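The lines below spell out each chain.
2 protein chains.
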Amino acid sequence: MGHGGGGALSAELVQQIFVPAFGGEVLAQLGDSAAVSLGGTRLAFSTDSFVVRPLFFPGGSIGDLAVNGTVNDLAMSGARAAYLSCGFILEEGVEMPVVAGVADAMGAAARAAGVEVATGDTKVVEAGHGDGVYINTAGIGLIPSGVDLCPQRVVPGDVVIVSGDIGVHGVAIMSVREGLEFGVEIESDCAALGGLVETMLAVTPDLHVLRDPTRGGLAAALCEIATVSCTGIVIQERAIPVPPTVANACAILGLDPMYVANEGKLVAFVPREHADAVLAAMRTHPLGAGATIIGETVATHPGMVVARTLLGGTRVVDLPLGEQLPRIC
Amino acid sequence: MGHGGGGALSAELVQQIFVPAFGGEVLAQLGDSAAVSLGGTRLAFSTDSFVVRPLFFPGGSIGDLAVNGTVNDLAMSGARAAYLSCGFILEEGVEMPVVAGVADAMGAAARAAGVEVATGDTKVVEAGHGDGVYINTAGIGLIPSGVDLCPQRVVPGDVVIVSGDIGVHGVAIMSVREGLEFGVEIESDCAALGGLVETMLAVTPDLHVLRDPTRGGLAAALCEIATVSCTGIVIQERAIPVPPTVANACAILGLDPMYVANEGKLVAFVPREHADAVLAAMRTHPLGAGATIIGETVATHPGMVVARTLLGGTRVVDLPLGEQLPRIC
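Top to bottom, those sequences are chains H and Z. Residue 347, in my numbering, is where the first sequence stops; the numbers in between run on with no holes. Residue 347, in my numbering, is where the second sequence stops; the numbers in between run on with no holes.
Source of the hints: derived by calculation from the structure; they are not laboratory data. Remember, it's a predicted structure, so these values are computed and weren't measured experimentally. Backbone N, C-alpha and C define an ideal beta-carbon position, used for all residues, glycine too. Do not take every clue at face value.
Claimed, not checked - Example chain H residues on the side facing chain Z (calculated, C-beta under 8 Å, incomplete):
1) S28
2) F36
3) G41
4) Y101
5) G105
6) I107
7) D122
8) E134
9) V135
10) V142
11) G146
12) A156
13) I158
14) L160
As the list claims (entries may be wrong) - If you want a taste of the chain H side facing chain Z, the calculated C-beta under 7 Å gives, among others:
15) V44
16) A52
17) L56
As the list claims (entries may be wrong) - Stretch by stretch, here's where chain Z covers chain H in the computed footprint (C-beta under 8 Å, at least three residues):
18) 64-75
19) 124-131
20) 166-178
One chain only, chain H, in its complex shape (with noise of 0.2 Å):
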């Protein structure tokens, strides 16, 4: 199980398994989506596969999240999803009307996103073979002339924005899955974020990285920033943004929200000269109402993220070895 829980564990499987079997330079780069280009034009391309239990839980269903995960992971690429393809793996024996729910909610998670499902595939497996409905989706769609964000852009003196709470997607489905009550109902936070980095991109082009932080939570997406860009984070803890509910949650089940799951957030790392206006303009948006700068890249301990704690200490930051919280998304 750890190996699909986008720590360390996933990586050494990527690493060390899928980029030398397929050998691609564009695969290498392993950003949350590829850039490529075809016919002259530049396209993000990107796939996730969604195996989450329960297929519905509150605020959401494996439907809005095979939509929004994929537009999502486009949007990391600054491009705006243009067409999704969807396949699913039926288990026999699940009831159609699951099939219908989840099917109209990534119809209407389309529609809200600004996306179409071009085209899709469904197999069906035996009984005790899967798990009533796994959804797989890719997405194509447009990068805007101008804009390049990849890691390796990220240098010394950038600061880093989250666009809100953090945590409340991963505790969502661990509530409900585990039975767990932690007084007051927390609604996953999944939402397509195209929208968002329109309006971030407005402000100026030059964004150095965005991602989106799903598995693993912020700290793994920050970990694998520092290495690629080999950069030191430095992360004021008291800045992170993280509700009461996910923190008691948090604190029961002895998680750091940190290294919990998110579906509707993203991190950005800005030149400093645009921060200011690029945050003004993400609290413009209903997906960024929440922002806030939580830290900043230096040029000491390179490929290392350090968070100064409460306390005035400074803990460093690793990447989790496998899974906090398993099928998630």
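We have chain H already, so just place chain Z on it with the hints.
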């Protein structure tokens, strides 16, 4: 299981649940791949999930299928596949050498087809919720100018050509899955058809439709084209190339070779004036060496496929209801 078999139940699922839920115009065309326009570029975009059992079989593996299946769907739009995405769903406990073997097979198949795996994703599900390895691929490729392949373009008088022996892939899978021995080992003919299609389009871009007769076999492909084009199709049963090993295996199993899945064969509807030249060109290509004319389209009985039998009679060829062979791709 029937809903995944590529027959009438599959069509019902797509028409009654997915098309209304997603509501897009492109999806509603229901081709092997979607033709979309992005930044002024015409692209083919397609997806397929692969749940075949066993993962390795004579002549190929799930990795070969995952590449060639999507490459072939794009080729049916006339597009040479440029980039693939790849989503793995691994079952907890699957051995890493198995995953590596599948990935290596995908890499080799991608290099053979001239396509690059540009982006990927891996999820892990608990033991008992998968079957070792499931793979989804999506692909994109350029549609050459002047090429417009769709069933709506089929008119009475078109010539129907298949590229070679049918039924081989389905029987190969069946023989290893069920431990059946048919005297000789039957190897899957799984192959990438992009090069063959390029050879055909070099004769004339004015082919009417190409179809990859996978699930549901040649019969399902012909029925779908007859329905969408509102044209009758007449097939000469004696002209259909069925190798003796496939014929014998089908006789033992009570299957009709016309309903058995292929992966490495195509059926083409070609204007009569180009048919001889297209057929000659196909025969110069290794994957079209066995190409042959099997029938024609007619103005009578629109939407219906009729086979002239070996004994001189006629029979109606229907869309299969469900699956003949589950999890064959």
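Restraint check, 8 Å cut-off on beta carbons, for E134(H) near chain Z: holds, 4 Å
Residue hint I158(H), partner chain Z, criterion CB-CB below 8 Å: This hint holds: I158(H) lies near chain Z, its Cβ roughly 6 Å from the closest one there, short of 8 Å.
Supplied contact hint for D122(H), tested at 8 Å Cβ to chain Z: holds, 5 Å
Cβ contact check, 8 Å cutoff: the segment 124-131 of chain H against chain Z, three residues minimum: holds (count 4)
Restraint outcome when L56(H) is required to lie within 7 Å of chain Z by C-beta distance: Holds, because the Cβ-Cβ distance from L56(H) to chain Z comes to roughly 6 Å (cut-off 7 Å).
Coverage criterion applied to the segment 166-178 of chain H (partner chain Z; beta-carbon cut 8 Å; 3 residues): This one is violated; 0 residues, fewer than the three required, reach chain Z with a Cβ under 8 Å.
Interface hint for G105(H), Cβ within 8 Å of any Cβ on chain Z: Nearest chain Z Cβ about 4 Å off; hint holds.
Interface hint for V44(H), Cβ within 7 Å of any Cβ on chain Z: With a closest approach of 4 Å, the V44(H) hint holds.
Satisfaction of the V135(H) interface hint, Cβ to chain Z closer than 8 Å: With a closest approach of 4 Å, the V135(H) hint holds.
Evaluation of the interface hint that places S28(H) against chain Z, nearest CB under 8 Å: At 7 Å from the nearest chain Z Cβ, S28(H) passes the 8 Å test, so the hint holds.
Interface hint compliance - F36(H) to chain Z, C-beta minimum distance less than 8 Å: holds, 6 Å
Hint check: 8 Å Cβ-Cβ cutoff, L160(H) to chain Z: holds, 5 Å
Checked against the numbered hints given earlier, this structure breaks only hint 20.
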